[in-house]
Structure formats: structure tokens, C-alpha cells
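Asker: For reference, the chains in residue letters:
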Amino acid sequence: MVLDLDRTTVRQARTLARKVGRPIVRLAKAHTTVSVERATLRLAGLSGADAEGTPWVNRLLDAVRADVDLGHGVALPVWDALLREESEDLLTLAQKAAAGSVRFRLPEGRDATRAAAASRRAVGAGIKAIDKRRTERERLVRRIGDAPRQPWIYLIVATGDIYEDIPQAQAAAREGADVIAVIRSTGQSLLDYVPEGATREGYAGTYATQENFKLMRAALDETSRELGRYVRLTNYASGLCMPEIAALAGLERLDMMLNDSMYGILFRDINPVRTFVDQRFSRQVHARAGIIINTGEDNYLTTADAVEAAHTVTVSQLLNEYFAKEAGLEDWQLGLGHAFEIDPAVPESFRLELAHALLARELFPKAPLKWMPPTRHMTGDVFRGYLLDGFFNLAGALTGQGILLVGMMTEAVVTPWLSDRDLALQNVRYVLDAAGGLREDFRPAPDGLIATRARQVLGESVDLLTRMADDGLLDAIADGTFGLMRRPADGGRGLDGVARKSAAYLNPATQILENER
Amino acid sequence: MVLDLDRTTVRQARTLARKVGRPIVRLAKAHTTVSVERATLRLAGLSGADAEGTPWVNRLLDAVRADVDLGHGVALPVWDALLREESEDLLTLAQKAAAGSVRFRLPEGRDATRAAAASRRAVGAGIKAIDKRRTERERLVRRIGDAPRQPWIYLIVATGDIYEDIPQAQAAAREGADVIAVIRSTGQSLLDYVPEGATREGYAGTYATQENFKLMRAALDETSRELGRYVRLTNYASGLCMPEIAALAGLERLDMMLNDSMYGILFRDINPVRTFVDQRFSRQVHARAGIIINTGEDNYLTTADAVEAAHTVTVSQLLNEYFAKEAGLEDWQLGLGHAFEIDPAVPESFRLELAHALLARELFPKAPLKWMPPTRHMTGDVFRGYLLDGFFNLAGALTGQGILLVGMMTEAVVTPWLSDRDLALQNVRYVLDAAGGLREDFRPAPDGLIATRARQVLGESVDLLTRMADDGLLDAIADGTFGLMRRPADGGRGLDGVARKSAAYLNPATQILENER
Amino acid sequence: MSEQRLVRPYGDTTGDGMVQLSFTLPLPHDKVAEGAAAQLAAKMGMDPALVVHAKPMGPDFTFFVVYGRVHHLVDPSLVEVVERDYPLLTPKEVNAAVKRSLRRRLVVVGGCIGTDAHTVGIDAILNIKGFAGEKGLEYYRELKVVNLGAQVAVPELVERAVAERADAVLVSQVVTQRDAHLLNTREMSAAFREAFAAERRPLLVVGGPRFDETMAGDLGVDRVFGRGTTPGEVASFLVHRVTTRSAA
Amino acid sequence: MSEQRLVRPYGDTTGDGMVQLSFTLPLPHDKVAEGAAAQLAAKMGMDPALVVHAKPMGPDFTFFVVYGRVHHLVDPSLVEVVERDYPLLTPKEVNAAVKRSLRRRLVVVGGCIGTDAHTVGIDAILNIKGFAGEKGLEYYRELKVVNLGAQVAVPELVERAVAERADAVLVSQVVTQRDAHLLNTREMSAAFREAFAAERRPLLVVGGPRFDETMAGDLGVDRVFGRGTTPGEVASFLVHRVTTRSAA
Ligand code: B12
Ligand code: B12
Ligand SMILES: Cc1ncc(COP(=O)(O)O)c(C=O)c1O
Ligand SMILES: Cc1ncc(COP(=O)(O)O)c(C=O)c1O
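Chains as they are written, first to last, in our numbering: chain A, 89 to 605; chain B, 89 to 605; chain C, 99 to 346; chain D, 99 to 346.
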């Protein structure tokens with residue numbers, strides 16, 4: 089600890105975050121969403137899509153919803169229908185339902201008890217499958233070997249075509265990447281279904297599908313063996329389908345997921361309630377699957393000024409921490425985000441970056457922390473960009489970041505080329521090998537610029553949290569506190585997919601995930 | 089002082105350097121050279137060249153030498169001839185001598201006394217001109233303003249054409265250069281005369297001529313006024329004509345000169361005795377002219393390994409310091425050289441660079457120190473090169489270097505392009521503005537890698553100096569101690585231009601320079 | 099204009115024609131690959147072309163850096179630029195002009211269409227905060243701005259334009275991979291052409307950092323704005339075109 | 099060989115043809131200059147060409163970075179490379195071959211000619227220390243090496259070659275500004291042609307990092323070696339050529 093933060097202030101900040109977060113958890117507990125229910129069906133083993141590509145979980149859920157209020161959950165009506173022997177299995181049921189030949193009801197009494205038990209068995213099997221994948225990961229890491237050092241080197245691929253992504257990801261791993269993230273196509277987060285199958289037509293990213301997950305994980309397993317280190321795979325549990333994607337990630341042994349409590353609200357204009365409900369469920373799944381989440385505070389600094397808004401990053405990290413722990417995630421699973429986004433023209437910009445990065449490091453000493461590269465102030469001057477990325481890497485090394493997302497010199501130009509990635513990795517390697525040890529010699533003066541700035545940001549965070557504890561998080565979001573985006577609680581997409589839970593509501597997935605920790 | 093070097097060891101190193109250097113000074117004092125004598129004539133006002141471009145100082149000296157032993161010096165025979173009214177002035181005398189119509193002799197008795205007095209008057213006028221230039225510089229710096237901060241930003245131009253150099257130098261100054269160096273054409277150091285006039289036909293550099301000096305200094309004076317800071321000009325007092333070039337630099341108000349006690353021997357295969365004699369004279373001129381010298385230790389690391397040979401840099405710096413002080417230079421005039429030349433693939437290479445740079449900084453606390461960029465391990469990968477230069481700049485800032493020679497991403501490709509220089513300055517500015525203050529937070533652990541390495545290099549330097557104190561510097565040079573170049577004392581070019589001084593030897597320039605300090 | 103001399107790239111001497119080039123070839127690194135790199139450079143007009151760096155990236159690809167001289171001449175007099183063909187007005191002048199010629203507020207509907215969610219650019223033009231020290235269009239009293247934000251579907255955009263009786267529709271496109279920006283813009287302009295009679299169609303303006311400003315005709319829009327656009331330029335353009343139209 | 103497929107540069111998708119280019123134009127920065135940059139890129143075959151960065155450097159110059167697609171196809175089967183047309187021998191084999199065919203030591207005279215003082219390259223080939231883990235030619239028992247070092251004048255080189263009865267002369271050239279290396283090499287080969295009858299002339303070999311290996315004929319030398327050359331390659335070449343010659 090080189091900053092020597094005031095412990096009382098730190099404790100106060102966490103207490104305030106709890107105070108701000110608790111009403112939101114209450115809100116999340118009181119509602120369900122179409123995606124939470126579909127995720128439940130997926131955990132019970134329903135997959136695939138109809139001829140038009142609409143997933144069976146969507147067809148089935150829509151049919152149920154036509155007959156029964158969403159607030160009761162999907163489990164009781166569906167397993168009730170199965171028990172009434174309408175079909176042998178979920179798929180047949182979904183097909184029939186799609187054809188309009190099944191009617192659903194909310195079972196009561198013994199019927200309800202039996203339906204509940206059956207659903208718990210079915211969903212339990214899915215959760216067991218996730219458990220197996222987690223054990224498998226632990227075994228592979230042990231057998232094959234882990235990333236050789238921290239920070240883990242995190243690289244994105246984004247061709248839009250899974251079959252181009254795979255060789256690029258393998259090449260990146262060979263060149264030193266410890267983590268591969270497959271960026272999603274621009275449109276996916278607003279789709280209220282998860283596309284099916286292997287896909288080749290994304291824009292600036294590749295669709296997140298179960299099959300794409302499977303193909304990429306298999307390819308990286310092969311490469312992991314070849315390299316003697318387990319290469320982690322990341323995708324996005326984000327957008328309108330985050331609960332389902334979280335489930336698929338658990339089932340296909342993805343290792344990390346982008347998953348932020350407010351990103352969808354702020355940057356995809358998804359309804360806040362929808363988001364918080366989906367969030368909580370998806371984090372419960374991640375907790376169970378042993379997946380590390382990556383939060384999205386870096387995004388605020390692409391729209392708001394990185395110096396002025398530094399404390400909003402800290403506040404958001406504290407909230408993400410609170411929500412994550414409440415959902416069952418442990419410290420080592422908290423890849424809290426922050427970024428190197430100060431305008432390079434600001435005097436002492438590098439030292440200010442160090443101050444911010446150290447503050448995060450020392451506020452969350454056990455979290456891996458995800459350190460994001462400059463994007464906003466990157467320009468078409470790729471030489472300057474390459475240098476900035478080098479200093480970003482240095483800041484990461486000096487402040488002990490856990491996950492280093494590798495910056496690309498073409499940030500302001502194109503989605504990364506093969507050569508950009510190779511050059512970027514060369515940059516990271518040089519900085520870590522040549523100057524990584526400089527941390528030993530980095531001792532910010534106790535009242536120097538760095539320590540003073542870190543204290544100032546912490547102070548501003550406590551002030552903001554104090555105000556939010558009075559007015560509520562939803563109001564703060566509506567006011568443009570984060571990333572300057574104003575999002576009212578009743579606006580945004582996907583609100584029609586939210587329902588207040590009825591007294592009869594039952595979700596075996598939530599039950600298992602909440603009771604078995 | 090962050091290294092806390094052992095004072096006794098430092099004192100011992102200096103004592104040893106004196107011991108190694110003293111016999112060389114004795115050797116230098118006992119000899120003269122054609123170039124020392126020609127420089128004397130230049131100080132007395134002889135300039136210009138004949139129709140074939142051979143300077144009049146060469147024509148005159150050669151004629152004198154045909155009649156009188158060089159060991160007597162040129163002053164007595166020449167002013168004796170003038171007093172015998174062979175000619176009204178030096179130029180006419182030179183012309184007649186070239187036509188073979190003058191005979192020279194070594195005057196004796198009253199003739200000698202009168203010739204000596206006349207020569208002292210003539211040369212004294214030249215030295216006064218140098219004094220005036222020095223005062224002028226001091227006044228300009230005061231009036232116009234000095235470089236805004238340390239390190240001074242030092243940029244080279246190297247088109248080969250003075251008329252392309254000038255706009256490029258002015259552009260560089262506008263972009264932030266504090267010092268402009270005009271690199272010399274590849275062949276010049278081996279010419280035993282100084283070319284005349286404005287030149288446009290250099291290879292990979294522009295000829296050092298009095299006219300080129302004048303043109304560039306005038307252009308930079310203009311730009312200095314425009315920018316409100318005095319932009320310094322540098323050239324090379326090096327090669328077979330270093331005494332003459334030193335004199336011309338003093339007369340044309342150059343501000344810094346490359347001037348190393350061994351560079352010519354090692355890298356141009358110039359005879360050691362010739363070099364040491366020329367060296368001492370040129371440094372006496374620089375001392376008088378208020379010129380800062382730049383020594384050439386960086387060159388060793390382009391041929392020898394920068395880690396293995398680190399101590400040879402230190403030893404050479406100590407010798408350069410001894411020779412410089414003996415010649416009358418003051419601490420602020422010692423731009424001792426060192427360089428960022430460790431193979432970037434060596435683990436902790438950046439920290440090793442810091443160790444070496446700090447050692448130099450703390451051994452010579454009052455010297456400006458010239459910090460040279462990576463060259464040897466630069467490749468055609470210009471992106472990597474740009475990054476390396478950034479870390480070089482950072483090392484310069486962290487260790488408080490006085491003069492920072494700006495590295496170019498095209499180092500391994502071409503002599504710098506206009507855009508290379510612009511990009512390189514942008515690199516320097518970013519690093520100094522964003523991270524310059526990091527020095528405040530840089531505290532090498534007392535027994536960490538950096539401090540340990542610095543102590544080790546100092547220890548190896550003392551060992552080498554101890555050996556050299558026994559065997560002599562000439563033997564060490566013959567053995568390939570510096571830059572792996574083996575140069576025997578009786579080899580190399582220019583030995584025929586050396587003569588042992590006779591009892592009658594007289595040089596008014598040396599007399600004035602030595603007596604008036 | 100046509101007085102301008104021909105120029106060549108400049109390395110360190112006038113006329114030397116020197117340029118730097120980098121690219122990847124899908125070839126394993128060997129002498130043939132280096133020769134192939136030189137061949138490409140030659141086809142681009144570089145002679146001599148020096149392959150100064152070749153780095154294998156896995157078994158199938160090699161990255162190259164090439165330096166060399168190109169012999170092409172550049173004729174600045176042939177350059178077509180979309181020069182501003184309207185006066186640059188202050189907010190005050192814009193307001194006055196709208197008032198004078200329309201006698202009502204000028205209605206602007208804006209947003210990012212398709213799946214593009216990059217709103218910083220359109221916000222820079224529309225929001226009060228503005229860009230590069232200039233206030234955005236919301237600041238202009240006589241402009242009514244409806245900012246639909248990100249990921250607006252084209253039918254939704256048309257609908258709002260009709261409902262708001264928009265005089266101008268401003269669309270931003272930042273993602274260009276697989277020409278997304280061009281496809282989306284064409285879809286948008288076609289939809290407006292379908293929905294409106296030619297003389298009633300609102301002005302269509304697109305912008306984004308990777309647009310070619312000369313492509314307006316091709317894309318079926320009235321104007322394209324590129325990187326670094328300021329709100330004042332856009333406001334002045336709108337006033338110029340809308341008032342000209344209403345005068346006609 | 100001719101089986102090889104045609105290739106295009108690779109950005110992030112097979113066949114996308116993407117390249118990066120940078121250069122300076124002697125024009126003040128404005129829209130015309132940006133258009134001129136795009137024009138140059140177009141002449142180089144880039145379409146579309148995106149000028150992604152333009153930076154004024156003083157009032158008279160602008161630096162550009164351009165990204166875009168080139169449509170040229172690269173045909174690796176047409177690449178001419180100077181492939182090694184002689185066996186690569188170990189030092190032992192070299193020594194044996196010299197002994198067998200010459201029955202005396204093979205004499206090599208080397209140096210940097212002209213005003214070039216870069217000896218690291220020629221030393222890497224000649225000195226025992228060698229390069230890339232291979233010992234230099236001095237290490238070979240059956241080779242006699244005379245290394246003249248830097249800045250050797252051509253007449254001096256010829257003289258020493260005569261005096262030493264050189265079988266081969268090795269010349270290094272590193273400085274290439276204003277084609278210094280080509281001028282010096284041509285001067286050197288002409289001088290040897292003048293001084294020796296064709297059949298008695300020593301083998302002439304030049305090397306340096308910026309030579310084009312296919313230029314031997316043009317330069318009047320027997321072989322050109324480029325960057326990364328190792329001593330073993332040179333020794334093998336010498337033996338191959340000298341022994342072939344003495345056999346003929
Ligand atoms: C900020 C940012 C984001 C933010 C956006 C926040 C927001 N609310 O806008 C976040 C983090 C959310 C984001 C996400 C993504 N981004 Co983004 N992002 C950027 C970034 C860093 C800066 C863009 C920016 O804000 N520029 C500043 C504004 C002011 O400039 P501007 O847009 O050029 O606008 C000016 C002019 O162009 C013009 N203008 C623009 N629009 C209009 C419209 C009109 C009518 C007019 C008149 C003028 C005009 O005026 C403006 C002022 O001068 C760029 C990289 C970079 N440095 O450029 C990448 C970049 C644009 N993003 C990119 C990508 C791929 C994405 C993702 C798709 C990645 C993924 N798959 O997850 C996601 C998803 C976004 C989506 N669905 O579209 C790519 C696009 C690649 C390409 N060329 O196709 C870039 C280039 C990064 C990269 N190299 O990969 N991104
Ligand atoms: C070391 C160095 C120096 C040292 C030289 C020390 C010495 N004793 O050689 C010093 C510091 C003295 C120096 C000085 C100068 N240098 Co210098 N120097 C370099 C540097 C950093 C490395 C060159 C090197 O040693 N490479 C390593 C060797 C092993 O590689 P190589 O030469 O390519 O040799 C290999 C092959 O090419 C081949 N090979 C080479 N020769 C031969 C010969 C034969 C027969 C064969 C078979 C093979 C062969 O085999 C070798 C092993 O693989 C380069 C920049 C760079 N990073 O490349 C600049 C560079 C070569 N120098 C340059 C210049 C301009 C100069 C100066 C002229 C500057 C000046 N005006 O003062 C001076 C003066 C030198 C002069 N008169 O020639 C320029 C040349 C620009 C150009 N393309 O024209 C360069 C490229 C730097 C730059 N960008 O400006 N330099
Ligand atoms: C936390 C988080 N989620 C998701 C995304 C990706 O956006 P989308 O959901 O549109 O794929 C990002 C962007 O990088 C992010 O930071
Ligand atoms: C000390 C010193 N003198 C002189 C030179 C230049 O060499 P030349 O004398 O050949 O111009 C250098 C090279 O950079 C040098 O370091």
C-alpha cells in the first residue's frame with residue numbers, strides 16, 4: 089500500500105455504497121423478466137431455434153405469457169404442462185406451444201408442488217452442468233498451467249465472423265494473450281433473443297451464440313494445450329439477454345464476462361429495472377460458474393471527462409462491488425473496470441492516471457481490476473497511439489493491475505487488424521519485461537501530486553455517495569451522473585419484459601443459486 | 089542523490105583518472121600538429137581558399153613546412169616573413185607562398201622577439217573576437233530568453249545541403265528543439281583541411297565550413313527572436329581538423345561542439361598522438377569560447393555490448409572530465425555522453441538503463457550530461473522504435489539528464505525525415521509533460537536492482553582504471569578497451585602531421601589561452 | 099487554383115517522393131514473402147522500395163514495413179473538396195434568418211441509425227454543450243431539436259420526422275466496418291424518398307468521422323459532414339438550404 | 099512454384115487488401131491538402147483511401163496517415179529471389195574444400211569503402227567473433243583474411259588486392275543516402291575491371307543492410323548480401339565460386 093488511504097473514509101464509502109445499493113436489490117428481488125425466465129428454461133436444457141431462427145425458449149416463453157402472467161414465472165406453468173403429459177420433453181412442448189396446440193395455466197396445490205419439484209430437477213441438472221464446467225476449468229488450469237504472470241494480457245477479436253475470429257484468437261494466444269474476448273456485433277445487445285448457431289455476419293463484432301462459444305472455447309482449449317497455459321475466453325453478459333448469455337457462458341465454460349450493473353442502462357438505453365433484475369440473476373449464475381466479471385466504468389470516461397469524472401468511476405466500482413457480493417461473487421471474481429482516458433495534453437496526465445489507478449488498486453486490494461487502454465484520445469496518428477499504449481501498459485505495471493486490456497494503435501481507425509494485435513502485444517511485452525519491476529522503485533511522495541489527487545478523488549466519491557444515499561441511485565442515473573447519460577427510471581427498452589413477482593412466483597434457478605451458497 | 093554512492097570510491101575513481109590522464113597531457117604538451125598551427129593562423133585572421141578550394145591556411149602552412157621544421161611552430165616563421173615585409177598581410181603572404189615566391193626561416197634573437205610579439209597581437213585579435221561572441225551569446229540568452237526547461241531538446245539535421253538544413257532546423261526549433269546539431273558529411277573527419285563556403289553536396293550530413301556555420305547561426309538567431317528563446321547550435325570539433333573547427337566555432341558563435349578525447353582514435357582511426365594534441369588545443373578554445381562540449385561515450389555502445397561495457401563508459405567519462413578540466417573547461421561545459429543502448433530483449437533492460445543513467449548523473453552532478461537515444465537495437469519496425477524512444481525520453485526525465493538527443497523512429501532506415509523529427513518531438517513533449525514529474529516518485533530501493541547495478545558498474549570502473557594506471561591509456565586503447573576498437577599508438581591517420589615541439593616552439597594562441605585563465 | 103504547382107511527397111528533400119507503408123501478407127516469412135512485399139510496393143508505384151522490416155506473425159502471416167520513393171505526381175488543382183458554399187453565421191444570425199424566412203422554428207430531428215450507438219458525435223452537434231468551444235444546435239432559440247439518441251431504426255426515424263414536421267434530419271454513423279455506414283445511410287435516404295414527395299422531403303444530412311464528404315450525391319443525401327465538424331457549420335448550412343428552399 | 103496462389107494484403111479478413119501509409123506533402127494543411135493526400139493514395143491504388151490523420155508541420159508541410167484497401171494482386175510465383183544456389187557448408191567442409199581444390203589458403207580482402215565508417219557489418223562477417231552465433235571468416239583455418247577496416251579508398255583496396263593476391267574482395271556499404279552505396283560499389287567494380295584481366299579478377303562481393311540482392315549484375319559484382327547475412331553463407335559462397343572457377 090503506497091497511498092495510505094484513510095481507513096475511516098474507506099469504510100464510510102463502503103457503508104454508503106451499501107445504503108445506495110440496498111433499495112435496488114430490493115427492487116430486483118421483487119421483479120422478474122422475460123430473459124430471466126428464458127435463462128431458466130435454458131438451464132433446464134431447452135435450446136435450439138425454429139426455422140426462422142427464433143429460439144425455442146422465446147417461442148415457449150411467449151406462449152406461456154399469452155396464457156399466464158409473467159409475474160408467476162415460467163417454471164410452474166411449463167412443468168405443469170409437462171406433467172400433464174402434454175409432451176415428453178421441453179423441446180416438444182415448445183414446438184407444440186409454438187404451433188398453438190398447448191394451453192398453459194398456473195398450477196395450484198399438489199399440481200404446483202409437483203411442477204415445482206420437476207422444474208427443480210430439470211434446472212438442477214443444468215446447474216450441475218455448470219458446476220462440472222467450473223471443476224473442469226480448475227482441472228485444466230492445474231494440468232495445463234495458468235497465465236505466467238499478472239497482469240493477464242487481454243486481447244479482443246472482432247471480425248464479425250467466428251471462423252475468422254478463431255485463427256486470429258489462436259494467433260493472439262500464441263503471441264502472448266492470456267485472455268481472448270470476442271467482441272459482439274453492434275446490434276446484439278438490443279435483440280431480445282440470443283441468436284443460434286455459428287455466425288459469420290456481425291458488424292464490428294461477432295454474435296454471442298452458444299455455438300460460437302463452444303467453437304471458440306474448443307479452439308482455445310487446443311491452443312492452451314499447445315502453449316502449456318490455459319487461455320481464458322471472455323464474452324458479454326450484457327444487453328437484453330444477459331441472464332441467458334450468463335447461463336450459456338456457464339454451460340460452455342467461458343471464463344470471464346463483461347457484466348456491469350449499469351452499462352445497459354447508460355449505453356444501450358435499456359430500462360433500469362429490466363437491467364437491475366437481469367443483472368442480479370446473471371451475477372448469481374457467474375458466481376456459481378466461477379466466472380470473473382468485468383465491469384464497465386471505463387465507458388464513462390469515453391463520454392465524460394476523465395479528470396472531472398474520476399470519482400464517478402470510484403463510486404460505480406463501489407456499487408458494482410456491493411451488487412456483486414450481494415449476488416454471491418467473491419473478491420477474486422471482481423474485474424472492476426477503470427481506464428487510461430485522461431487527455432494526454434493535460435499536464436502531468438500520466439501521474440494523474442497513476443493516482444486514479446492506484447486508488448482503485450488500494451480500495452479493492454483483492455480484486456483483479458481490469459485496466460482499459462486509451463480510446464477517446466487516440467487519433468489517426470498511429471505512432472502517437474502506439475506510444476500512449478506503451479505508457480498505459482507502464483501505468484498498469486506500476487500500479488499492479490490484474491487484467492490488462494491491450495490497446496491498439498488503430499483505435500480511432502478500424503477494428504483491430506491482425507498486425508495491430510501483434511504490434512500491441514510486442515508493446516506490452518517490452519514494457520512488462522523491461523520496466524515491469526519498476527514498481528519496486530515507485531514510491532509516490534506522501535504529499536506529492538499522486539497521493540493528493542487520490543485522496544481528492546476518494547473525497548469526491550464520498551460526497552457523491554452521500555448525495556445518492558439521499559436521492560437514490562435511480563435519480564442519479566436519470567440526472568446524468570454516470571457518463572453524462574441521462575436515463576429516467578421509466579424510460580428505455582425492454583420494460584415490457586419486466587413483471588412484478590406474484591405471491592406464487594417460483595424460479596428453481598434462483599432458489600438453487602441463492603440457497604446453495 | 090538517490091543512489092548514495094560511496095564517497096571514497098568516487099574519490100578514488102577521480103584520482104585514478106588523473107593518474108591515467110597525466111602522461112597523456114604531458115605527451116600533448118610536447119607536440120604540435122598541422123591543424124593546431126593552421127588554427128593559429130585562422131585565429132590570426134587568415135581565411136578563404138584558392139581556386140581549387142584548398143584553404144589558404146593549408147597553402148601557407150605547407151609552404152612554411154617545406155622550409156622550416158613543424159616543431160618550431162608556424163608563428164615565428166610567418167610573422168618573421170611578414171615583418172621582413174614580404175607582404176602586407178597574411179592573405180597576400182599565403183598567396184605568394186603558394187606561388188613559391190616566399191622563403192621562410194626560423195627567426196632568432198630580436199627578429200624572433202619581434203615576430204613573436206606581432207603574432208601575439210594578430211592572434212590576440214582573433215581571441216578577442218571569440219570573447220566578443222561569447223559575450224554576445226550571454227547577452228542574447230539574457231535578452232531573448234533561454235530554453236524553458238531541462239533537459240534541453242537536441243535535434244539533428246542531416247540533409248547534406250545547408251539550404252535544406254536551414255528550413256528544417258528552423259522548423260525543428262519551432263516545434264520545440266532547444267539545440268540544433270548539423271551532422272557532418274561522412275567524409276569530412278578524414279580531410280586534413282576545412283572546406284570553404286556554403287555547401288550542398290554532403291553524404292548523410294553537411295560539411296562543417298565557416299560559411300555554413302555563419303548561415304545556420306544567423307538563421308537560428310532569427311528563429312530565436314521569433315520564438316523568444318535562444319536556440320543553440322552544435323557541430324563537430326572532431327576529425328583531423330578539430331583545432332581549426334573549434335576556432336571557427338568560437339568565431340561564429342556556435343554553442344556546443346561534439347568533442348571527445350578518444351572518438352577520432354577509435355572510430356576514425358586517427359593517430360592517438362595526433363588526436364590528443366588536437367584535442368587539448370580545441371578544448372582550450374572551447375573553454376575560452378564558452379562552448380559546451382559533448383563527449384562520445386555513446387559510440388562505444390554501438391559496437392560493444394551496453395551491459396558488459398557499461399563501466400567503459402564511466403571510465404571514459406572520468407577521463408573526458410579530467411582532460412576537459414585540465415584544458416580549462418568548467419563543469420557546466422561538460423556534456424558528458426552516455427546512451428540508452430541496452431538490448432531491449434534483456435530482462436529489466438529499462439531499469440538497467442536507469443541505473444547507468446543515474447550513476448552518470450550522480451558522479452557528475454554539475455555537468456549537463458548528454459543522453460543519447462537507442463540506435464543499435466532500432467530496427468525497421470518503426471512502431472517499436474517510436475515506443476523505445478518514448479522510454480528513452482522517460483529515462484532521461486527520471487534521471488535528470490541535461491541534454492536529450494531526440495531519437496528517431498527511422499534510426500535503422502534513413503537519415504531523419506522532416507516528419508520523423510516532428511513525430512519525435514511530439515514523443516518528447518508527451519513524455520516530459522505527462523510524466524516528467526514522475527521523478528518525484530522515483531525512489532530506487534537502497535538495495536534494489538538499480539542501486540546494486542550502479543554500484544557494480546562503479547566498482548568495475550575503478551578496477552579498469554587501476555589496471556590502466558599501471559599499463560597506460562595508450563595500451564588500453566590498443567587493446568580494444570573502448571568500443572572493442574583496437575588502435576595502436578603508432579597507427580592511424582594523420583601521424584605525419586604531428587611534430588615534437590622544439591625548444592624554439594612558439595604558439596601565441598596557446599600562450600594566451602593558457603595564461604589568461 | 100489551377101496555378102498550384104505539382105507536388106511530390108517529401109522525406110528530407112524537395113521532390114524525393116519518399117513514403118512509408120506497412121501491411122500484412124498471408125504468406126509465411128521467407129525470401130519469397132519479402133519479394134512479394136516488394137512486388138506490392140512496386141505495384142503501388144514505389145521504386146526503389148526497401149522492405150526494412152519483416153516480422154512473422156505465426157506460420158501463415160508476415161508483417162512488413164516498406165520505405166521508398168513514389169513517382170506519382172500530386173496535382174492539388176485537381177482536388178475536389180466540398181468547400182463551404184454558404185456563409186458561416188453566428189447563432190444570432192442563424193436565429194434571425196430563420197425568423198425572417200420561416201416565421202416559425204426550424205425543426206431538426208437527429209440520431210444514430212442502425213445498430214450504431216456512438217452518440218458522442220451527434221451530441222456534439224446537437225446538445226447545448228457543443229463541440230470545440232461552439233454551442234450545439236439546442237442552444238439556438240429558433241431551432242427545435244429532437245435528438246433520438248442511439249440505435250434508431252429507420253422506420254422510427256421517418257415516423258418521427260413526419261410527426262415533428264422536420265425541416266432537416268441529421269444522422270450520425272461512426273461504425274464503418276463492412277461499410278455499415280454506407281449501407282445504413284442508403285437505406286435511410288431511400289426510406290425518406292419513399293415517404294415524402296420530393297419537394298416536401300426534409301433536408302438529409304449525415305455525418306461521422308470516416309465519411310467521404312464528396313459522396314452526398316451517391317448516398318442520396320443533401321450533405322455529408324466529416325471529422326471535426328462544428329455545430330456552427332451545420333447550423334449555417336441548414337439555414338442556407340432551408341431558407342433558399344422556402345424562398346424558391 | 100507457379101502453383102502459388104495470388105494474395106492480397108490482409109487487415110482482418112482474407113482478401114480485404116488493407117494497408118497503412120504515411121507521408122508528408124509540401125502543402126499547408128487545409129482541405130485541399132487532405133484531398134491531395136487522398137489523390138496520392140488513389141494513384142497508389144488505394145480505394146477507398148481514408149485520410150485518418152493530417153498534422154500541419156509548420157506553415158508549408160503536412161503529415162498524413164492514410165488507411166485503405168489496395169486492389170493490386172500479389173503473385174508470389176513471379177518473385178525473383180536470389181536463392182542460395184550453392185551448398186551451405188560447415189567451417190570444416192569449407193576448409194577441406196579449399197585445401198582440396200586450391201592447395202593453398204584462400205585469400206580474402208575486406209573493408210568499408212568510400213567515406214563509410216560502419217564496420218560492424220563487415221566485422222560481423224570477417225572477425226572471429228562472428229554473427230548470430232556463427233564464427234567469422236578469420237576462424238576458418240584455410241582462409242586468410244585481411245580486414246582493412248573503414249573508409250578505404252578504392253585505389254588502396256585494389257592495390258591491397260593485388261599485393262595479397264586476393265581470391266575475393268568483400269566490401270561493405272551501410273550509408274545509402276543519395277545512393278552512396280550504389281555509386282561506391284560501381285566505382286569499385288569498375289576499378290577492378292580496369293586493374294585485372296577478366297579471368298584473374300578476384301570475386302567481388304558487396305554487402306549491407308539496404309542492398310537489393312538482385313542487383314549484382316547491375317553493380318558489376320559477383321554477389322550482393324543483404325541484412326542478416328551470416329558468415330557461413332559467405333564462406334560457402336566463396337568456396338563454391340572459387341573452387342568452381344579453379345576447376346574450370
Ligand atoms: C466513445 C466510443 C465508444 C463509446 C460510445 C459512447 C457513446 N455514447 O457514444 C462506447 C464505449 C459505448 C463504444 C462502444 C463500441 N464501439 Co466505440 N468508440 C468510441 C471512440 C473511443 C470515440 C468515438 C467518439 O466519441 N469520438 C468523438 C466524437 C466527437 O467524434 P465523431 O464521432 O467523429 O463526431 C464528430 C464528426 O465526425 C461529426 N459528426 C459525427 N456524427 C455526425 C452527424 C452529423 C449529422 C453531423 C453533421 C456531424 C457528425 O461531428 C462530430 C464533431 O466534430 C472510438 C475510437 C476513436 N478514438 O475514435 C471508438 C470506435 C468508434 N468504436 C468502435 C466500435 C467497433 C465499438 C463497438 C461496436 C465495439 C463492440 N463490438 O462492442 C461498441 C458498440 C457500439 C455500438 N453498438 O455502436 C470502432 C468502430 C470501428 C469502425 N470504424 O467500424 C472505433 C473506431 C474503435 C475501434 N477502433 O474499434 N464506443
Ligand atoms: C553502429 C552505427 C554507427 C557507429 C559505427 C561504428 C562502427 N565501427 O561501425 C557510429 C556511431 C560510429 C556511426 C556513425 C555514423 N553513422 Co551510423 N549507425 C550505426 C547503427 C546504429 C547500427 C549499424 C550496425 O552496426 N548494424 C549492425 C550490423 C551487424 O548490421 P549490418 O551493418 O546491416 O551488417 C549485416 C548485413 O548488412 C551484412 N553485411 C554488411 N556489410 C557486409 C559486407 C559483406 C561483404 C557481406 C557479405 C555482408 C555484409 O552482414 C552483416 C551481418 O548480418 C545504424 C542504425 C541501425 N540501427 O541500423 C546507424 C546508421 C547506419 N548510421 C548512419 C549515419 C548517417 C551515420 C553517420 C554518417 C552520421 C554522421 N553524419 O555523423 C556517422 C558517420 C559514419 C560514417 N562516416 O560512415 C545512418 C545511415 C543512413 C543511410 N541509410 O544512409 C544510420 C542508418 C542511422 C540513421 N538512420 O541515420 N554509426
Ligand atoms: C460492461 C460492458 N458490457 C457490454 C459491452 C459491450 O456492449 P454490447 O452489450 O453492445 O455488446 C461493453 C463495452 O465494451 C461493456 O463495457
Ligand atoms: C564525439 C563525436 N565526434 C564526432 C562525431 C561525428 O563523426 P565525424 O567526426 O565523422 O563527423 C561523433 C558521432 O556522432 C561523435 O560522437
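It is worth saying that the hints were derived from the structure and are not from the lab. Just to be clear, a hint being listed does not mean it is correct.
As the list claims (entries may be wrong) - Where chain C lies over chain B, by a calculated footprint (3+ residues, C-beta under 8 Å):
| hint | segment |
| --- | --- |
| 1 | 239 to 252 |
| 2 | 463 to 469 |
| 3 | 499 to 505 |
Said to hold, decoys possible - Every beta carbon over 12 Å from chain B, so not counted as near; a handful from chain A, in silico:
| hint | residue |
| --- | --- |
| 4 | Glu140 |
| 5 | Pro255 |
| 6 | Gly478 |
Here the structure is a predicted model, which means the values were calculated and not measured. Note that beta-carbon positions come from the ideal geometry of N, C-alpha and C, so glycine has one too.
Asker: The structure should be examined with respect to each hint, and the outcome stated for every one.
Answerer: Going down the list of hints, with the structure as the test:
Using a Cβ-Cβ cut-off of 8 Å, 4 residues of the segment 239 to 252 of chain B lie near chain C, which meets the minimum of three, so the contact claim holds. Given as covered by chain C, the segment 463 to 469 of chain B passes the check, having 3 residues with a CB less than 8 Å from a CB of that chain where 3 are the minimum. Only when three residues or more bring their CB closer than 8 Å to a CB of chain C does the claim for the segment 499 to 505 of chain B stand; here the count is 6, and the claim holds. Even its closest Cβ contact with chain B, about 47 Å, leaves Glu140(A) beyond 12 Å, as expected for a residue assigned away from the interface.
For Pro255(A), the shortest C-beta to C-beta distance to chain B comes to about 23 Å, beyond the 12 Å cut-off, and the non-interface label holds. Its closest Cβ contact with chain B, about 5 Å, brings Gly478(A) to no more than 12 Å, contrary to its assignment away from the interface.
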